[in-house]
Every structure is written in structure tokens, then in C-alpha cells.
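Undergrad: Just so you know, the sequences run in chain order A and B. Going by our numbering, the first residue of the first sequence is number 1, and it counts up by one from there. Going by our numbering, the first residue of the second sequence is number 1, and it counts up by one from there.
Okay, the calculated beta carbon distance ranges per label pair:
1. B:Asp214 / A:Pro29: 46 to 56 Å
2. B:Asn12 / A:Asp133: 26 to 36 Å
3. A:Lys179 / B:Glu267: 33 to 43 Å
Subject to a maximum C-alpha distance of 27 Å in a straight line, what follows is the list of computed DSSO-like cross-link-like pairs (lysine-lysine):
4. B:Lys44 / A:Lys198
5. B:Lys274 / A:Lys42
6. B:Lys191 / A:Lys46
7. A:Lys46 / B:Lys274
Derived from the structure by calculation, the hints contain no laboratory data. Cβ coordinates follow ideal geometry from the N, Cα and C atoms, glycine included.
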Amino acid sequence: MSKARLMQGNEACAEGALAAGVRFFGGYPITPSTEIAEGMAKMLPKVGGKFVQMEDEIASMGVVLGASLTGKKALTASSGPGISLKQELIGYAAAAEIPVVIVNVQRVGPSTGQPTAPSQGDVMQARWGTHGDHPMIALSPWSVREAFDTAVMAVNYSERFRTPVILLMDEIVGHLREKVELPEASELEIYPRRQPDKTRADGYQPYAPAEDLVPNVADFGNGYHIHVTGLIHDETGFPVGSPKVTREAIDRLHKKIAIAQDEITHVEEYCMEDAEYAVVAFGGTARTAYEAVLEARKKGIKVGMVRLITIWPFADKAIKALAAKVKGILVTELNYGQIVNEVERAAAGQCPVELCAKYDMTIFEPEEILESIENLAGGNK
Amino acid sequence: MERSFEQYFRQNRLPHLWCPGCGNGIATKAIVQAIEKKGLDRDKTIIVSGIGCSSRASGYMDFDTLHTAHGRAIPFATGIKLANPELNVVVITGDGDCTAIGGNHFIHGCRRNVDLTVVLFNNNIYGMTGGQASPMTPTGKKATTAPYGAVDPTFDACKLAEAAGATYVARSTAYHVQHLTDMIANGFDNKGFSFIEAMVQCPTAYGRKNKMSDPVELMKWMRDNAVMKAAWDKLPEDKKVGDKFPIGLLYQDTEVDYATAYEHVIEVAGGAGK
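Whenever a hint applies, use it, and build me the whole structure from the sequences.
TA: Shown next, in the form of C-alpha cells:
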């Protein structure tokens with residue numbers, strides 16, 4: 001019997017989270033992410049998990065952090081204005097190092113914007129949406145199957161690094177229906193909740209970093225009597241008003257991600273073997289960009305595509321190497337121009353970087369991207 | 001046993017940061033004495049607080065403790081309780097934390113009837129930020145942001161909790177120490193959302209602005225104006241005036257709590273035992 005199913009990106013995301021061990025969901029209805037909440041409401045109690053619909057987006061974020069602190073893997077999902085509201089406690093999760101995944105099915109903004117219309121306008125918000133300095137991990141799938149896969153990755157990274165992870169979907173992938181075959185549970189690598197490596201009697205400190213700079217914070221209810229706070233704290237978990245502790249705390253938050261960047265930052269290359277030009281794309285837009293690349297190839301333009309699966313931490317190494325290799329880069333994104341600035345920064349002047357932007361509720365047509373590729377290639381085909 | 005409450009405090013985190021004469025210490029001690037009285041397992045009791053003077057209490061208490069963001073203690077506590085119903089979850093909040101920035105969470109926490117014990121330290125002011133008016137600053141009383149007296153009418157947090165669906169609602173004061181302890185302890189017995197308003201004196205930020213900077217005077221005010229519920233109910237309406245207010249068990253109900261209700265959902269969905 002075929003295991004193939006017709007499935008929507010949002011549904012696959014919910015299935016992926018469940019497969020990764022998520023057993024708690026708190027959310028608030030908002031289009032175009034609602035199917036994730038609906039999926040979790042239906043599936044979680046079947047596996048003994050819990051779904052709770054909260055009074056607002058802030059509470060949805062708070063309730064999942066509370067659940068996570070007891071050792072349950074927890075998920076929330078939202079879009080546009082909802083993600084803006086969640087920022088306060090996304091910052092809390094970063095500071096207090098609480099594993100959690102936030103799905104953002106992007107829609108047109110700012111503000112209420114164009115509900116349900118696709119956008120990729122939250123790329124910089126995903127990185128810099130909260131106040132203060134901390135790193136972020138954000139992943140962006142381009143297919144229904146990858147919505148499942150990146151949901152698993154997001155949950156794993158949140159646990160591995162004890163940090164909030166944003167699954168930066170877009171309406172294109174969220175509402176896309178495709179035939180997919182999902183992997184068996186046995187095929188998945190699942191990162192378990194980190195456990196204390198010492199007893200209280202041995203001088204356990206909840207925020208003392210392990211070798212990978214990530215602390216093994218005890219789950220609530222296990223007798224460790226830990227203190228968790230959004231105030232800057234030292235290894236004990238208690239607030240300390242010292243410049244040295246503040247600097248060290250913020251340094252460690254950044255370093256724990258930085259030293260593992262190669263493990264986290266994924267890109268995929270298409271038609272790049274002989275490419276003289278490259279399109280950089282991500283999420284649903286990469287599907288159209290890929291079609292445009294194939295069309296351009298038919299016209300004799302040696303162009304390939306680099307697709308960002310991990311948006312943050314940004315693929316500096318890959319883009320730097322790419323810029324050294326090609327004659328020009330075209331960045332396609334459904335916004336006024338956000339990730340293009342990161343590509344320019346990483347390319348560091350080695351080749352021209354052009355932008356193909358769209359922010360009018362509609363997705364790209366392959367012809368639009370093809371035209372931009374032709375302009376970039378100019379007379380060089 | 002005389003000072004047995006001390007074992008519930010992290011001695012290395014003391015002394016606390018509260019001002020001399022503050023009532024928060026009395027309310028915090030009442031909580032741990034209620035915990036002791038009911039014999040709650042310390043390893044299975046979680047203290048969750050928001051932001052403000054009240055909410056610093058969690059750091060001094062020797063349990064798993066969670067100092068959340070401003071107004072958000074109840075959502076965090078809800079997550080803890082639903083994810084692990086065997087835990088006792090106590091919320092410490094303040095009048096600004098609970099009824100202003102956390103007001104929506106407060107009413108919905110009551111509505112869901114999550115099995116939490118929420119103790120609101122009501123000092124009638126934003127103390128940590130230096131004395132701004134809160135939704136529970138009495139109308140006409142002064143604050144740094146109400147230099148001519150507060151214009152806003154106040155919330156009665158107990159009436160709010162009752163109307164929103166809390167199943168145990170009580171009030172006491174820092175003057176009535178034993179009574180306050182009992183009100184909290186009885187709240188632990190209620191399997192549902194228990195709300196206890198603990199009136200506490202703030203001589204520094206509230207009293208100073210309102211010619212009541214002597215903590216003893218503030219406590220005498222509590223003594224003279226608090227009326228036990230049974231006596232309050234017998235008072236004619238024309239006597240329920242001025243500063244008089246009722247203390248004691250104000251409301252109780254027996255609705256099913258959220259986690260228990262959700263067990264039924266799990267059963268229907270076929271997930272029991274998983």
C-alpha cells in the first residue's frame with residue numbers, strides 16, 4: 001500500500017512537530033496559520049498530549065514556555081500581527097534558554113496588512129524582532145514534505161541549543177497541497193530533552209554551560225529547586241547586576257549558536273556545477289525561482305540556484321564562496337528587499353547582487369524572475 | 001517548629017530587596033506557612049511570579065521558581081499545570097501585574113478554572129517603578145502619575161475573579177496574618193482557580209504620597225477597615241461606606257478544573273495511557 005498522502009504544508013508542519021515529540025500546543029486563531037492549531041487540537045489528545053486555545057498571542061507564548069519548563073516539547077504557531085505580539089516572550093525564551101518552536105506562516109504586512117496573501121516580509125523580524133541581543137535560528141521550507149522535515153529540525157534545534165526556533169513558513173507553502181510520503185518514526189533522529197549531569201549535592205548549577213556552551217537546565221518538578229528568570233543571571237540562574245556577568249551571559253547566548261553554525265545552516269544548490277550566475281531564494285519563492293532557472297538554462301544562460309533552508313544564522317560562508325565563483329547574484333524575495341542586504345554583506349563586493357522583489361499580494365511568475373535573470377546576465381550569455 | 005518557615009526560603013538569597021515596613025514579606029511568609037500547613041511536597045510545588053515588587057518573592061523561596069515577564073505569570077503557570085497536573089502551582093502577582101498588563105490573562109485563567117493558587121499582593125501602587133497609579137490605586141489617592149489624585153475608578157479584583165469563573169475567592173491583609181495564611185491554605189484545597197487578594201502596606205511608594213508613610217498606621221488602617229465576611233453580610237448598605245471592605249472567603253464553587261476536563265478529551269480522542 002502506498003504511503004502517499006495529499007497534504008497541506010500547515011498539516012505537514014503539525015505532523016512533523018508531533019513526530020519530533022511535541023506534546024503541548026498553545027495558540028490563537030490567525031490566518032494563514034490556523035490549520036496548524038487545528039491539526040494539533042485533533043492529534044495531540046490522541047497521543048496523550050494537550051492543546052489549549054489561549055486568550056491572545058502573548059498568553060499562547062507564555063503557556064508553551066510554562067509547558068516546556070516541565071519537560072514537554074512545546075509548539076505555537078501564528079502569523080503577522082500574532083508574531084509581533086509574541087516577541088516579548090520569544091525574547092524571554094532566548095534569555096531564560098527555554099526550548100520552544102514558533103511557526104510563523106508569513107502574510108503581507110505591516111500591521112493587519114493583507115490577510116491570507118503570501119509574503120516573506122518577516123525575515124528580519126525573525127532575526128531582530130525582540131529587544132536586546134541574542135541569536136536566532138529560523139528555517140524556511142519550500143515544500144509540503146520539507147514543512148514536515150523542518151518542523152522536526154526546528155524542534156530538535158530548540159532542544160539541542162535550548163533556544164527559541166522560528167519555523168519561517170510562508171502562505172505559499174502553508175496552504176500548498178502536495179502528494180507526500182512522510183518518513184516512519186524510526187527513520188527520524190529526535191533530540192531528547194537535555195538532563196542535569198549533576199545532583200544538587202554535587203553542586204549542580206542549572207545555567208552552568210556544558211561543553212557545547214548549552215546549559216542542562218533541570219525540568220520543573222524534579223527536586224532541583226531551580227530559579228528561572230528573564231533577568232540577566234549567572235550560572236546559578238539568579239539575577240546578578242554586574243557588567244562582567246552581563247557580558248558573559250550575552251556572549252554565551254551568541255557563542256552557543258555560533259560554534260554550531262555549520263551544523264545548523266543548511267543550503268541546497270541546483271544547477272550550480274557550471275553556473276556563471278546564481279539565484280538566491282528561499283521558501284515558496286524558491287519554487288518559482290527554480291522554474292525560472294530551468295527556463296533560463298533553455299535559453300543558454302548558465303544560471304543556478306542556491307536555496308536557503310536555514311535563514312538564521314545566515315549562510316555567510318556559502319554566500320561568500322558563491323560570490324567568489326559567479327559573475328552575479330539575483331536575490332528573489334516576496335518583500336521590499338530584506339535578505340538581499342545579508343547576501344550583499346556576505347558577498348562583500350565580489351560580484352554584483354541584484355534584487356527581484358515583489359510585495360503586492362501575488363506570488364512570482366517564473367517569467368518575472370526569468371526577466372531579472374536575463375537582465376543580470378546581460379550580454380554575457 | 002517555631003521558625004520552621006525558614007526552611008522554605010533560600011537563605012543565601014536573603015536579605016530581600018523590599019523596603020523597610022513593606023508588607024510583601026508578611027504575605028510571602030503566609031504562603032510558605034500555608035504550604036507547610038497543607039504539607040505540600042516542596043519538590044512538586046512551583047512558584048510562578050510576574051514582574052514588580054510582589055514578584056521578586058519567587059527568588060527567595062526554595063522551590064522550583066519562575067520569575068516571568070510583566071503580567072504573564074498566569075499563562076506560564078497554566079502551561080506548567082496542564083503539562084504536568086501533579087504539580088502544585090502557586091502564582092504570586094501584584095495589582096499592576098495582575099489587573100493591568102496581565103488583566104486579560106487573569107480573567108481567562110479564572111474562566112478556564114485551571115487548578116492554580118493565585119495570590120495577589122495588593123499594595124495599591126506600582127512600587128518597583130517608584131509609585132505610579134495602578135488599577136487598584138483608590139480613586140482620589142495620589143501617585144507620581146496621579147499628582148492630583150487618581151482619576152480612574154478601581155478594580156475590585158475579587159469581584160472580577162468571581163465574575164470571570166474562579167472557584168475560590170478570598171481576601172485578607174498583612175495585618176491579619178493568621179487569617180491570610182488560612183485563606184491561602186484553604187485555596188490549596190480547592191481543585192480549580194483559587195484567588196486570594198492579600199492587601200499589603202507600601203509605606204514607601206504609596207503611603208508617602210498619601211500622608212501614610214508610617215507602616216504601623218497603614219496596618220492600623222487595615223485593622224480598622226477590614227470587616228470579616230460574616231459581619232460584612234449583616235452590615236446595612238449605609239454602613240458599607242468609606243474605606244470599609246470585606247475579608248474572608250468571598251466566593252466558592254465546585255466547577256471541574258481545566259486539566260481534569262481535558263482528561264476527558266484525551267479519553268474521547270483515544271489517547272489515554274499514552
